[in-house]
Amino acid sequence: MNKFHLEFEKPIVELYSKINDLQKLSDEEGNKDLDDDIAKLILKAEKLREKIYSNLEPIQIVQVARHPERPLFLDYIQHCMTDYIELHGDRSYGDDKALIGGFAKLDGEPVMAIGQQRGKNTKDNIYRNFGMPQPEGYRKALRLMKLAEKFKVPIICLVDVQGAYPGLSGEERGVAEAIAKNLEQMMGLKVPVIVVVIGEGGSGGALGIAIGNRVAMLKYSIYSVISPEGCAAILWRDATMSPVAAQNLGITSDRLKSLDIIDDIIDEPVGGAHADPDKVYKKMSAYLKKELKRYADYSPLRLQEDRYQRFRKLGRFSER
Amino acid sequence: MSILEWFADKKAKAIKPKTKKLDIPGNLWVKCVSCSQVIYSKDLEANLKVCPHCQHHFRLTCHERVAITLDENSFEETNSFLSSINSLGFTDAISYDERIKQAKKKTGLNDAVITGTGRIDGFPVAVAIMDFSYMGGSMGSVVGEKITRLIELGTENRLPVIIFSASGGARMQEGILSLMQMAKTSGAVYRHKEQGLLFISVLTDPTTGGTTASFAMLGDINLAEPNALIGFAGPRVIEQTIRQKLPKGFQRSQYLQDHGMVDSIAHRKDLRDHIAAFLEMTRHHRLVPITEETPHE
Chain A
168 MNKFHLEFEK PIVELYSKIN DLQKLSDEEG NKDLDDDIAK LILKAEKLRE
218 KIYSNLEPIQ IVQVARHPER PLFLDYIQHC MTDYIELHGD RSYGDDKALI
268 GGFAKLDGEP VMAIGQQRGK NTKDNIYRNF GMPQPEGYRK ALRLMKLAEK
318 FKVPIICLVD VQGAYPGLSG EERGVAEAIA KNLEQMMGLK VPVIVVVIGE
368 GGSGGALGIA IGNRVAMLKY SIYSVISPEG CAAILWRDAT MSPVAAQNLG
418 ITSDRLKSLD IIDDIIDEPV GGAHADPDKV YKKMSAYLKK ELKRYADYSP
468 LRLQEDRYQR FRKLGRFSER
Chain B
3 MSILEWFADK KAKAIKPKTK KLDIPGNLWV KCVSCSQVIY SKDLEANLKV
53 CPHCQHHFRL TCHERVAITL DENSFEETNS FLSSINSLGF TDAISYDERI
103 KQAKKKTGLN DAVITGTGRI DGFPVAVAIM DFSYMGGSMG SVVGEKITRL
153 IELGTENRLP VIIFSASGGA RMQEGILSLM QMAKTSGAVY RHKEQGLLFI
203 SVLTDPTTGG TTASFAMLGD INLAEPNALI GFAGPRVIEQ TIRQKLPKGF
253 QRSQYLQDHG MVDSIAHRKD LRDHIAAFLE MTRHHRLVPI TEETPHE
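These protein sequence lines are chains A and B, in that order.
Every number in the numbering used here is 167 more than the matching position in the first sequence, counting from 1.
Every number in the numbering used here is 2 more than the matching position in the second sequence, counting from 1.
Bear in mind the hints are in silico, worked out from the structure with no lab data behind them.
Hints should not be assumed to be uniformly reliable.
[Claimed, not checked] Below 27 Å or equal to it, Euclidean Cα-Cα: the simulated BS3-like pairs (lysine-lysine) are:
id	chain 1	residue 1	chain 2	residue 2
1	B	Lys103	A	Lys480
2	B	Lys195	A	Lys313
3	B	Lys106	A	Lys480
4	A	Lys357	A	Lys456
5	A	Lys177	A	Lys313
6	A	Lys348	B	Lys106
7	B	Lys106	A	Lys357
8	A	Lys185	A	Lys170
9	A	Lys214	A	Lys449
10	A	Lys319	B	Lys103
11	A	Lys317	B	Lys195
12	A	Lys170	A	Lys191
Let the hints inform the model, and build the full structure from the sequences given.
What follows is the structure, encoded as structure tokens:
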């Protein structure tokens, strides 16, 4: 069981606390009669979890995507790859701690892994600027991508960000230009780019590393032009309307797949990635390997064309 | 709710329209929103909608911009029939369909940008002009598609592309589809530049959010009108993030130029000459104005 529970998981948690009480009673009295009941209750709790998770509202999926125990960029690097060596700095201003990356090996082959890293606790979060990158993060990411391109190393971007840091410093150093430059330059990369949204895909701060030949999402991650809370505040002038905003914005993996915004959904266990991280790491490794194989014999020109057309066709309008 | 969204919430509650909407045709006199001087509206129009007292640049509609920028009768609009649809079924206080209807009625435009070909001081150009009065100039599928097609037209016909931005950013009512327009337009800019062609981005008041973070910041040359608001995050969000007053002139044209993001700031009366000068410096040629010849296929 995880330590942190979401509001909608309460019935499951309550059942488990009953199970724990029974277990204690059973242990104290050495009474084996309760074992059957306990097993039944556990089954019931897991059934309930399945039922709840098969019917999540978009706003509940937002909560799972932001779950404090959800695996982060570095967890995937550690468990899906080997020999990770972080590369620091954008060579013009500094080293962003929220958007990081470096060389690693996937299945024995070199890749460039790039992603946003939130903190695991308050101290870590302060160090990571709560996972909100500054312009130098995006410029570093582009530098690493160009480095990878030079040596024909494929690029893997894992997206997990609520947005680029909205502060004075970011504006001063041109965060808009930094993101825009990445959108432009990633379009021309001559190596495969695979993107997976692993948590929150928040607006331009996410898109700035998300111009992939292939874009996937973990099942309970979200990808949106604005956070449901921000959208509710602006359009409804009422933050309590965020569940409605989440519904309207269409930010869940199944909805985005149906809109052709993403290509694939990587399945997560019932309860979310944090309920059984090893299972998700395995799925992630398999997915990345499969996708890199797909693009292995694409020429640079074909990779560019493939990526351009992938985004070129996005948009819905009428043309009388 | 995350702390940022709380800020955004606070911001939304803080927004109160302070200045009365300007409606020049109906009014004989106009009060300048910047210096509060009263201006005879015909004088204001003759002065390209720049306040003669304080040089405040009023916002222009896209058609006003065409009239003061392009050579007379040279503008030929492209893709004018592209129109927004409510593909997500988005409804806030009113449905997105209804918003589209109202915006069309209010502005007489099909969406927040017009695109086409024309000439500036004799130089053939592909030009896109955004209009803030249509849903805050927000970029949805239509704006993204029209701008992308315009840039592609520029690439195919080897024309310089000039885009006048005036936009609050991505259009929320189209959700992720509007985010994807940032990628699409920036990709088109990439291909245009790869062909050795010129892209001039003209930033006008206001240019923020997803528009700034895509094509608007990607000009070979970034020009700005004086004192235009140009930024990524909204000033109120930033103020509440850093819990300090923002410096004077923050996110205004001069600030952007001082921080290396804008090449040059041009007064509206000089803007056309500026653009023509850059076209000349970059070895473009004026179209000799002979008879019937049209550059169109």
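Outcome of the hint check:
1. Lys103(B) to Lys480(A): holds, 25 Å
2. Lys195(B) to Lys313(A): Satisfied, since the Cα-Cα distance of roughly 18 Å is no more than 27 Å.
3. Lys106(B) to Lys480(A): Within the cut-off at roughly 25 Å; holds.
4. Lys357(A) to Lys456(A): Holds - the C-alpha atoms of Lys456(A) and Lys357(A) are around 19 Å apart, at most 27 Å.
5. Lys177(A) to Lys313(A): violated, 47 Å
6. Lys348(A) to Lys106(B): Distance ~33 Å between Lys348(A) and Lys106(B) Cα, so the pair is violated.
7. Lys106(B) to Lys357(A): violated, 42 Å
8. Lys185(A) to Lys170(A): holds, 16 Å
9. Lys214(A) to Lys449(A): holds, 24 Å
10. Lys319(A) to Lys103(B): violated, 50 Å
11. Lys317(A) to Lys195(B): holds, 20 Å
12. Lys170(A) to Lys191(A): holds, 19 Å
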